[in-house]
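Peer 1: Single-letter residue listing:
Protein chains: 2
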Amino acid sequence: MNQKQKEIYMKKAIRIAHKGINNTGLNPIVGAVLVKNNKVIGQGYHEKITGNHAEVNAILNAESKGEKISGATLFVTLEPCCHKSKKTPPCVDYIIQKGIKKVIFLEYDVNPKVNGKGVKILEKNKLKVEQIFIKNSLDEINRGFKKSITDKIPFISLKLCVSFDGKIFSNKLKNNLIGDFIQKKHSNELRKNYDSILVGVNTIIKDNPELTYRGKINKYNIQPIPIVLDSKLRTPKNSKILLNPEIKPIFIVKTSVSKKKEEDFKKLGVKIIKLPNLSPNAILKVLNKLELQRLLIEGGARVFSSFLESNLWDEIILYYSNIFIGNEGVNMTSKFKKIIKLKEENLNRFKKVGNNYMIILKQ
Amino acid sequence: MNQKQKEIYMKKAIRIAHKGINNTGLNPIVGAVLVKNNKVIGQGYHEKITGNHAEVNAILNAESKGEKISGATLFVTLEPCCHKSKKTPPCVDYIIQKGIKKVIFLEYDVNPKVNGKGVKILEKNKLKVEQIFIKNSLDEINRGFKKSITDKIPFISLKLCVSFDGKIFSNKLKNNLIGDFIQKKHSNELRKNYDSILVGVNTIIKDNPELTYRGKINKYNIQPIPIVLDSKLRTPKNSKILLNPEIKPIFIVKTSVSKKKEEDFKKLGVKIIKLPNLSPNAILKVLNKLELQRLLIEGGARVFSSFLESNLWDEIILYYSNIFIGNEGVNMTSKFKKIIKLKEENLNRFKKVGNNYMIILKQ
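Chains as they are written, first to last, in our numbering: chain A, 75 to 437; chain B, 75 to 437.
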């Protein structure tokens, strides 16, 4: 099989992997394709947190069609697992047992229980193992899985749309239209890559956002979960996020909120988490426990500031719109205490989006 | 002569034209090259406001070397003039009289006394006339000449270096280092294309800038003139712009400033202009009378705001640095009253400069 053919099969595995997005808890999303005699005989992906790994699903898929697995080549987007302390058995054992002769994978598993060990076991059992490198969109998704492993908190993107002079809100602007239609659409597209979206209660009060991804959602995808920082539970009962049956928001409130108020909100179908203080660190640990791995923080100024200052963020996505608001507008940051200077390599990406400029800054 | 050869000669004329920069008052900068038998026999440029036009200097240059002009082709960056109400006689007459057979020019003169009429007179006298189009750096300089003709005020660029969150100053930053070294150098390079630089007195007090172009200045170039808006003449006597003998700043002050204070400052070699109010419109009319045609406005916030609001500006040059300052910093705008929404085509140019992003917005 030549390099080009290998890339075609791996790209297929990458495509299939995406079906698992937002359904795998803290697990990575993974896709697998089984190839024999230059023909795809089976394919699968990691469908949900308690379900089979992608490799197993690909093998089962092939067998269900009466295909013989022995001698096949397995393309898989992540190094096959080899650890036993979990619900599913190690994939390497299954791969060996089924007589697969070669495994081509995209990325090593950062989980220290696997990291390179999976590959070694396969090689010891005389399988050929090869890593190939393709620029791909899985990276972006699996940053969440990796950060959950290494830091035990989600991957965090801070997103803001500001005027050219750095303002996020003005009473003078109708519907707070700082960005234009194209920017709003682009910004909404981002949501599909996150399993959770965090906003402060002021954003709910001022903007009344839907906080849903409004692009095409296939049957495998799930809406990101809205996380509302609302220390005193001031969210209006007629807010859009409380009226949409499709989403189940999580409210993070102070422990001082009354039992009665809490019960009132629970009746509306929301989950309430009480914390003594709403620090970024405390919030992120909670989200990790809730098995959320990719968090998009959408403002407003207080939330943006506290996460920016915490240094726990991974990237900032800033849209500068084609408007000058002036100093009556609301600042990007609020009660911001320390000056933050980014390193050169952090100025990462730039794009014109409609009448706006988007800049992505990396931590 | 083929197209490529024509372009080579015209590029030479463009290069020569630049020698006149900042020396021609409200006149354009113009270069000319005389070519005969595929050889340059003379060259010249518009050296200073009262001096010969470029065409005349090219002819005189050729004659001084004993060259015969008759039958030559003239390359000139601007349509030759034909109007008589000025210090120098019309160039078209001189060109015809000298037996030049062909004129190749770059741009029509926007001055309604010439605009197309110069070309017509040449054609009537059986000269071949041809316009050629080359992307060139003269455009940028001659925007000042054009705006002086059309609007009777200078071409205006507003320049600011801000933090990512749109702040121009913070007491917490040492030496107000919002941009980095590369940004400062890039920003200083801009100055060479302006004949005047305007700042508010607060910028002088806070930053104590030199306001000079610190690149290579050849013998033809002149430093831009610092214009300081200082209604009450609060500029400290030990400010760098008062200590540099190379520059002669102009202070625009309120008529209420005392005669004594005015005389004190005049002794330091500055020009003082008194106005009842320091509105952008009044200031720009004064600069036009002083024969300044290209104004770079470098801040601070009050000056930036008043010119932004006036809508008399032509372009905004914004550098976003790699720093977040927070809401204790000074806003880009001050007492800004109306929201300004730019049109799509106004988002003009983008460039990474060191650790900063530069965005140019057109009016």
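Do not take every clue at face value.
Because identical chains cannot be distinguished in the list, a pair is counted as satisfied if it fits within a single copy or across any two copies.
[Said to hold, decoys possible] Taking lysine-lysine and the BS3-like style, the derived pairs with C-alpha atoms no more than 27 Å apart in a straight line are:
1. Lys415 x Lys266
2. Lys259 x Lys328
3. Lys220 x Lys314
4. Lys258 x Lys425
5. Lys258 x Lys436
6. Lys280 x Lys202
7. Lys258 x Lys426
8. Lys322 x Lys202
9. Lys259 x Lys415
10. Lys345 x Lys191
Treat the hints as calculated values from the structure; they're not laboratory data.
Peer 1: Evaluate each hint against the coordinates.
Peer 2: Now the hints, each set against the structure:
| no. | hint | in the structure |
| --- | --- | --- |
| 1 | Lys415 x Lys266 | neither (30 Å within a copy, 30 Å between copies) |
| 2 | Lys259 x Lys328 | neither (34 Å within a copy, 50 Å between copies) |
| 3 | Lys220 x Lys314 | neither (33 Å within a copy, 54 Å between copies) |
| 4 | Lys258 x Lys425 | both (14 Å within a copy, 24 Å between copies) |
| 5 | Lys258 x Lys436 | both (22 Å within a copy, 24 Å between copies) |
| 6 | Lys280 x Lys202 | neither (58 Å within a copy, 68 Å between copies) |
| 7 | Lys258 x Lys426 | both (13 Å within a copy, 25 Å between copies) |
| 8 | Lys322 x Lys202 | neither (46 Å within a copy, 78 Å between copies) |
| 9 | Lys259 x Lys415 | between (30 Å within a copy, 20 Å between copies) |
| 10 | Lys345 x Lys191 | neither (39 Å within a copy, 79 Å between copies) |
Checked against the numbered hints given earlier, this structure breaks hints 1, 2, 3, 6, 8 and 10; the rest are met.
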